[in-house]
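Dock chain A with the ligands against chain X, hints included.
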Amino acid sequence: MKLTIFAGTPGAGKTAVLLHMLKTLIRQGVRPSIVKIDCLYTDDHERFSQCNIPVLLGLSKDMCPDHFSIYNTEEMISFAEKNNSDYLIVETAGLCHRCAPYTENCVGVCVTDATSGPNNPMKTGPFLSCADIVVVTKGDMISQAEREIFRERVLESNPQCKIVDANGLSGQGCAELAQLIGDNKKEVTRHEQLRHNAPFSVCTLCAGEKRVNRNFHRGLLRNMNGFQEYVGE
Amino acid sequence: MEIIESITIKGGIDKKGMPELLQEITVTRGEIIGIVGPTGSGKSQLISDIEQIAQKDTSTQRKILINEKVPGEAERNDPRKKMVAQLSQNMNFFADMAVFDFLSLHARCRNKTGVDIDEIIFLANQLTGEPIHKTDNLTILSGGQTRALMVADVAVISSSPIVLIDEIENAGIKKHRALELLSGQGKIILVVTHDPVLALSSDKRIIMQCGGMRDLIESTSQEKLVAQQLNRIDHEILALREKVRQGKMIEYIETELLGSCFNSACYL
Ligand SMILES: Nc1nc2c(ncn2[C@@H]2O[C@H](COP(=O)(O)OP(=O)(O)OP(=O)(O)O)[C@@H](O)[C@H]2O)c(=O)[nH]1
Ligand SMILES: Nc1ncnc2c1ncn2[C@@H]1O[C@H](COP(=O)(O)OP(=O)(O)O)[C@@H](O)[C@H]1O
Ligand SMILES: [Mg+2]
Ligand SMILES: [Mg+2]
Ligand SMILES: [Zn+2]
Ligand SMILES: [Zn+2]
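For the protein sequence lines, the chains are X and A, in the order given.
When you number the first sequence by numbering that gives the first Met the number 0, it's gap-free, plus one each residue, and the end is 232.
When you number the second sequence by numbering that gives the first Met the number 0, it's gap-free, plus one each residue, and the end is 267.
Chain X with its partners taken away, still in its complex shape (with noise of 0.2 Å):
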């Protein structure tokens, strides 16, 4: 089976580009399950569903959403698998941009929001620069030099990767994007590695401490002078 995960930024057009990307998939004889993973509300579960497929729903609540999705990886799997599929895509919503939840064998796909800036790529974090293939939406809305611009700040951050630009509204580009999926042959094991490690910063925090004063903390902490060191026994 081939696992695919969806991550990005809240209104990135994840979900827009997908139900396209669906289409040319069902068309081609696929049988794919879908999964979303968010944090507190999505009702994109309802938006896929009209696509006759199968659909699960995750809401990640007080967890990262990404190590929501990395710690329910097999649950989706057996998902999939209950319902004969062939593709597993998930859709999370990548939030805390020091994780990426991809797996060494999934299909790595970044979708990111060309109006956020130019700026935007470096600020993503691991999700964008581990990933296989970076989307990049909204190029409708901005003047051909800033997409040139987001482009080379995209491949800056991730010299690797395959950018397909891709309009959510009109589908353009999620053909070309389903065919790049569709030719990465990976398969999913059973004993997946995340590409990036989880942040290892664990600290009271974490734990539900809710005063702010630094004598209540524990584990380990970095300082504004980026000074990192471990506290407590």
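Hints listed in this document are in silico derivations from the structure and should not be mistaken for laboratory results.
One or more hints might be untrue.
Unchecked claim - Derived pair list, reagent style DSS-like, types lysine-lysine, alpha-carbon separation capped at 27 Å:
no.: 1; chain 1: A; residue 1: Lys68; chain 2: A; residue 2: Lys203
no.: 2; chain 1: A; residue 1: Lys173; chain 2: A; residue 2: Lys247
no.: 3; chain 1: A; residue 1: Lys14; chain 2: X; residue 2: Lys22
no.: 4; chain 1: X; residue 1: Lys122; chain 2: A; residue 2: Lys9
no.: 5; chain 1: A; residue 1: Lys62; chain 2: X; residue 2: Lys161
Just chain A with the ligands now, kept in the frame of chain X:
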């Protein structure tokens, strides 16, 4: 880079899914083509198809050939190898950076070494009213200043054998000068316009309807003559516009301008 002799648009489908009436158009080096039609008729979509060198992968299913061939991936995507410069309809920038930095970065993307950024800003300032400064942030520029800067950027940094221009008459910039900057000897130029002066001055014009190319009209010599007359009227109107902008009163205009069918008294 190989010389671009022609560009071919192979028709696809209109908004209703019907085949376009015009199934193939070839534009050759040195030609200026107008694109006209009501708003929403697909003019911008047509030039966007050309910008992307569409291969039946856009909503219109058009296919674009250059020198009768499908260009390679790099020619379609890599800004360093691009053959198309596009002035789109956008009226604002999203990039949060200074004018100078933006232009320098774009020059680097297009591999244009040795461009004089100050010169580009100078050209932009010839098209607009209040001057743009190189330290200005892009996002504070007005619609007109933005358009002026986009024109100068396309003219110098994106300078390419194929030039696509979308509604240059918008935003109150000096359109004649802007067009002059963008056009050049031996280029292929497509201009989306609602302006009769620009439409009639082009060699041919594509008529758009319902997302499809409906017809191709060749400007007659009579039309070119009309274009010249319109051009004179246009210059007068633009001169008046400048006066109004400068806060001057206009209580009199040349009667000959209004032609024989008007008399100035009833017009005023
Ligand atoms: N103009 C334009 N709008 C787009 C494009 N792609 C998506 N949109 C719009 O952007 C908005 C957000 O798109 P979604 O597909 O819901 O974004 P998402 O990434 O799935 O968002 P979340 O699931 O909430 O994280 C919608 O209103 C889309 O219609 C595009 O290429 N151009
Ligand atoms: N052949 C077509 N098939 C489907 N949609 C189209 C087609 N041509 C244009 N459109 C869509 O119609 C809308 C209006 O077109 P646009 O090019 O912006 O019009 P104009 O520039 O003439 O005002 C756009 O959303 C465009 O993508
Ligand atoms: Mg979504
Ligand atoms: Mg338009
Ligand atoms: Zn995280
Ligand atoms: Zn913590």
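Here is what the structure says about each hint:
Proposed proximity of Lys68 of chain A and Lys203 of chain A is supported: the alpha carbons are some 23 Å apart, at most 27 Å. This hinted pair checks out: Lys173 of chain A and Lys247 of chain A have alpha carbons roughly 19 Å apart, not beyond 27 Å. A threshold of 27 Å between alpha carbons decides the hint, and for Lys14 of chain A with Lys22 of chain X the separation of about 19 Å falls inside it, so the pair holds. Annotation: proposed proximity of Lys122 of chain X to Lys9 of chain A is violated, straight-line Cα distance about 41 Å (limit 27 Å).
With a C-alpha separation of about 22 Å, the suggested pair Lys62 of chain A and Lys161 of chain X falls inside the 27 Å cut-off, and the hint holds.
In summary, the structure is inconsistent with hint 4 from the numbered list given earlier, while agreeing with all the others.
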